[in-house]
Amino acid sequence: MNPLPNPCADTLDRRRFLWESGAGLGSVALAWLMQQESRAAEATSPYAPKPSHFPAKAKRVIHICALGGVSHVDTFDFKPELEKRDGQESGKVFDSFFGQPGRLMKSRFAFRQHGQSGRWLSELLPHLAGCVDDLTFIHSMHSKSANHTPATFLMNSGFTLNGFPSVGSWISYGLGSENQNLPAFVVLPDVRQTPSGGPINWSAGFLPAVHQGVAFTSRGPNPIPDLRTPMETSAESRRASIDLLAKLNQRHQASDPSDNALAARIRAYELAAQMQISVPEAVGIDGESEATKKLYGLDDAASASFGRNCLLARRLIERGTRFVQLFNGGQFGQPRINWDGHEDVRKNHLDQAATMDKPLAGLLKDLKDRGLLKDTVVLWTTEFGRTPITQGIGGQGRDHHQKAFTIFAAGAGLRAGTAFGATDDIGFEVADKPVEFYDIHATLLHLLGIDHERLTYYHNGVNRRLTDVHGQVIKEVLS
Amino acid sequence: MRIVATGLSALLIFNVAHSHAGGAESELTGTNFWAFQPVQRVAAPSVARKDWPRNAVDQFILARLEKEELAPSPMADRTTLLRRLTYDLHGLPPSPTEIDTFLADTSPDALAKVVDRLLASPRYGERWARHWLDVMRFSESDGYEYDRIRDHAWTYRDFVIASINADKPYDRFVREQLAGDVSEPLTRDALAATGFLVAGPWDQAANVSASLLIKQRYREEELEDILGTVAQTFLGLTVNCARCHNHKFDPVPQRDYYRMRAVFAGVFHPTDKDRALPLLPPADRKSYDDQLRPLKDRRAEFEKRLIDLDKTATERVKKLWPATESTTRKVTDAERLAAMTDVEKKSREEWIAGRNGLDGELKKIPAAPLAYIVAPRVPEPTHLLLRGEPDKKREPVSPGGLSIVSLPFDLPADAPEAQRRIQFAQWLTRPENPLLARVMVNRVWQHHFGRGLVATPNDFGKMGARPSHPELLDWLASEFIAQGWSLKKLHRHILLSATYSQAGSGPVATRATASMRRSDPRLKDADNRLLWRFAPRRLEAEAVRDAMLHVSGQINLQMGGPGFRPFTNLTTKGLESEYVPADPPGPEFNRRTIYRTFVQTARDPLLDALDCPDGSTKTPVRGITTTPLQALSLMNGSFTQRQASHFAVRLRVEAGADTMAQLRLAWRLAFGRVATAEELREAEVLRKAQGLEQVCWALFNANEFMHVR
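Chains as they are written, first to last, in the working numbering: chain W, 94 to 572; chain L, 17 to 725.
FYI, nobody ran anything at the bench for these hints, they're computed from the structure.
Treat the hints with care, as some may be off.
Said to hold, decoys possible - DEER-style ranges, computed between Cβ atoms:
(1) Asp226(W) / Ala598(L): 44 to 50 Å
(2) Glu325(W) / Asp288(L): 46 to 52 Å
(3) Pro385(L) / Glu374(W): 51 to 57 Å
(4) Gly211(W) / Arg271(L): 52 to 58 Å
To be verified - Stretches of chain W that chain L covers, calculated by requiring three or more beta carbons in the stretch to come under 8 Å of a beta carbon on chain L:
(5) 183-190
(6) 251-260
(7) 320-329
(8) 415-427
All residues carry an ideal CB built from backbone N, CA and C; glycine is no exception.
For reference, chain W alone in the conformation it holds in the complex (with noise of 0.2 Å):
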């Protein structure tokens, strides 16, 4: 059964699984009921926080996805053997993207070990190679596919395809906010472009729709559509037509006390005005620092637009934000904004990594020095890897490959500068302890203490999970 009450539903939405007939443990249900039927009248905000399943070690999760596919071998998957065949016939048959399979090719940059872990990472990352000591790395990833957009779907929905709720919905659903004057789940998309597919991938599904994430905008000066009283409309105005409407609800109500869905539509309205107040506050980076700004990376061109969402992710999650999603990378074709080097690997990955390099790290130094770390994850991830092989006889470019590829995690209940699991000795297929994104979610859930095979929903003759009917926790990279 679902023990996570959803009181944000209507009573229909919460109960309706509950109509099954014979099993005779009326009792139990009746109890579970009772129990949900306390907690919905308590809990007048969509958003009220709910319990975990066990004691969690993370209260807040930060999401970083990388899109395009970042070449693993050329990041974080050092390959000596990779270096040695440069050039050389792969041997390898396989059913690639573009169908040109080339040559071997060695990383574009140079390796190096870094911090007391001796982690190898490229010269790539330079400022979030300071940080090794704080990651998990995971070299052991696979995917289903090698289509960026289901291969996106995946990565956030655990499904390739359209219509299935996101991990920051599913976590918003088990878990709600800790402050509800914020939504539980933001969005911060690329600057330069919403990636593909667009509000599908932060989309509640089935989900009550509460649940969808929330994309602030850096288009126009609100973050979210509507959130300012227009123009035209004075203070005094809108307080005087709320005092009308506050009149009109109220008398409505008193004719039927029993429905709630009157009592939570007039909260909402209460929500909306203190969400006018602490949304402009939440994103006012003005106050901050000049020297907090410089480590985010604010003041260079390149990095400044991922920067200032690294910092709002920060403001956000300080706040009690549940699921900050950040997105570096944009549409998928051409021109590439994003990690996708199909024609030359190391000019498109210098170009992305100037955009993300700097803010990552600047938002994980800050964190630990602020104590955040200690209680939120940050995760990062990509759609799926590249080819250690080129794209095409002669080519500088690599093509799309769900066979391996690397993420990484870091902060709250996590060994950190550890990996975990590898590839073979040219990067092209796991060797050691495959991983897939639904391994990904479960353990996500299960650092903020929520059992995966737990939070359930029911939807058209399924309970779905967010794992369906996959995923393992991996306990070797919990401290």
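Given the coordinates of chain W, assemble chain L onto it according to the supplied hints.
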């Protein structure tokens, strides 16, 4: 249904939670499960309280209430009832004239007259088509990264509206959606119907990939979407669970999935350059094309020559200009002409004449409208796939029906594409099929009462809910078939019942017996499972938007045709799309919401906040959530502000200078009732200080505007 105890627990019986992975239940038992039994028509039960029932529905409902010692609620007042009915059937509020007419009509069939009037109006089809589009995941774009708009997908939406308005028999409505392009009669309507099968997502990137496996995998996903939609929509069965393994809970073996897959193996999206097919019978499509193609090609050749010549002449002119000028000034037609040689000028005239001549010829051929419908291909053989993986082919499977519906339907493996769909459609709509009628009457019931007799309308299997009133469900199903699958007759029967006319709130019936008074339904059945009252509800997103337009007087009731597009596409990158919602004013955008082009990633903040689905999810039951974002959208969104202003203008025009008359009219339009003296006094204070627009704003934001009782 087994009743375990009294009180709440009698009504709420525990569902053993299964996970999708659930282990030991894979054996295919359960053919004796209620949903798979033939429809049993039992006589409506007798009841103690003889004066309450108006028809059979009421007898079933009251008998159950009496069994639980519960009493029904008193009848709703007429004003409330008219508002409820009008929103229910039209998704719009009643006009003051309609209210007056109904209140003045003292004849015994006054209610029946209203129901008939509402069912006869085209607004009814527009309202109920949206419910259908929710179930079958209607979308006018591809989804995925390109999310290209399907310019001709609206033809399916119009097919649904027209079919519902015409009260097309439901079995025919179903057959047309599965095989309307290959069955007689080949009407334009029936051809557009197969938009049903291809309304799901289509992944352009997977289809251009060089990887065969990516293509094959994607094709299996596409077919799963089609099969899942067919089975959930018409049968309330989740057969898609059987793609990888025998269904864990329902008697659907994996083999059945692949039998059905073979039925639809020739169904493809229209992916040629038009991304649509002419609404012509397949046999005529080729001759139509043969007629048009040579003319179109010749016209294109003339057009190309003219453009090339213009380009050459433009360059000649620009060459003579100083460099700075060529960036700031455009070459005029006269300059271009002057730069041409006489020979060129003569050719140009010939080409223009040639092009115009062809335009004339093209006009003579009656144009066939285009539609996003099934583009059938010769089916490849279907194999059972181990764990659903396309590279793990097992034995071949022939087209056939689901064994759960115990009516035989088998075809040879090489049966022609059209035959597969025609025969499947016939098999599905045989009156002996226990699920088709049950599932549909349950959907109709759901929209009238806020919840189906089976609360999980797309899942009549073991994981789904059990019917609250199984005999009533079967009675309605058999009556539906007996009445020629007429939806309008079904609505009429339900809407004229005493059950539907009950009040949504207010005190418990005073005429109840002593024992009934002891049992307060608010305690015993807080969830209103047994329908002792009408369940109040919030309006859906479309109804909120349409009602604001209606009340403000701005609604544009133009029906059908291409939808309006209140968004822009920001992207400049090839086929990719980044839609940004907009709220442009003007009559084109004041059409009913069902005519908004339904693009997956072009979401509207207002509709979104009010739980409008995104077109990629089958939504048999809409969520009703209440969020601060919803409040912000209604408080501050430009749409509400604008409609409030129009509303104020309308009040001044229609009620004249008398400010009290303006406010009284405002209440009648927005809430469908007379304002109280206290309300008028309060509103007048605001009007005087801040203007009539602010009063209108408050009415649009009020709970009473957004809710139906």
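Do the hints match the structure? See the list:
Between Asp226(W) and Ala598(L) the CB atoms are about 49 Å apart, so this pair conforms to the stated range of 44 to 50 Å. Here the CB-CB span from Glu325(W) to Asp288(L) is close to 50 Å, well matched to the stated 46 to 52 Å. For Pro385(L) paired with Glu374(W), a C-beta distance near 54 Å keeps the hint of 51 to 57 Å intact. The hint said 52 to 58 Å for the Cβ distance between Gly211(W) and Arg271(L), and at roughly 55 Å that hint holds.
With 3 residues having a beta carbon nearer than 8 Å to a beta carbon of chain L, the stretch 183-190 of chain W meets the requirement of three or more and the stated coverage holds. Remark: the stretch 251-260 of chain W is confirmed as covered by chain L, as 4 of its residues place a Cβ nearer than 8 Å to a Cβ of that chain, reaching the required three. Check on the stretch 320-329 of chain W: 7 of its residues sit with their Cβ under 8 Å from a Cβ of chain L, so the three-residue criterion for coverage holds. Chain L is given as covering the stretch 415-427 of chain W, and this holds because 4 residues of the stretch bring a CB closer than 8 Å to a CB of that chain, at least three being needed.
Comparing the model with each numbered hint stated earlier shows that all of them hold.
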